Amino acid sequence: MKHFFFRFLQVFSETDAAPAGCAVSVVNENISVYLDLRESLSAEAEREKLVKKMEEVQKQKEKLWKKMNASGYKDKVPAKIQEDNEAKLKSLEQEFSALALASEHIKET
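In the UniProt record's numbering, the protein residues as written are 1 to 109.
Hints are not guaranteed to be accurate.
Think about it this way: if two alpha-carbon atoms lie no more than 25 Å apart in a straight line, the pair counts; the simulated DSS-like pairs of lysine-lysine are [as the list claims (entries may be wrong)]:
#1 K80 / K61
#2 K88 / K67
#3 K49 / K63
#4 K53 / K76
#5 K74 / K63
#6 K66 / K88
#7 K80 / K53
#8 K90 / K76
#9 K88 / K52
#10 K76 / K49
#11 K52 / K90
#12 K59 / K80
#13 K53 / K74
#14 K88 / K53
#15 K61 / K74
#16 K63 / K53
#17 K76 / K66
#18 K61 / K90
#19 K88 / K49
#20 K52 / K74
#21 K88 / K74
#22 K76 / K61
#23 K80 / K67
#24 K59 / K76
#25 K90 / K80
#26 K88 / K76
#27 K49 / K61
#28 K63 / K52
#29 K59 / K90
#30 K80 / K63
#31 K74 / K90
#32 K59 / K74
#33 K90 / K67
#34 K66 / K80
#35 K88 / K59
#36 K49 / K59
#37 K63 / K76
#38 K49 / K90
#39 K90 / K63
#40 K76 / K52
Source of the hints: derived by calculation from the structure; they are not laboratory data. As the structure is a prediction and not an experimental result, all values here were calculated from the model.
Please take these sequences and the hints and turn them into a complete structure.
Printed below as a string of structure tokens:
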């Protein structure tokens, strides 16, 4: 595991523009971490990590969607589990969107 030491931390709101020259690491659908690439990290390497994570999330989405659309799912699966699966699918979709946006941001820098 790599450890990073930060000289400073800056918090952005959802409405703030992403900082220039930064890669984005998506923690979950609500939290993203911007890493300044101007000093040491490779933008292309960070983009490759994001693409790999997008592929993982896409596989999870497809697997869950397939399960939710299987024959008999609505009749056999308890309502609570169906609700949980809907929430998880929505969360995965939001995470995928955040990763795609982060990947595009790296392309622009």
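task = Would you pick out the hints that fail for this structure and give their numbers low to high?
result = Hints 4, 7, 10, 13, 20, 40 not satisfied by this model.
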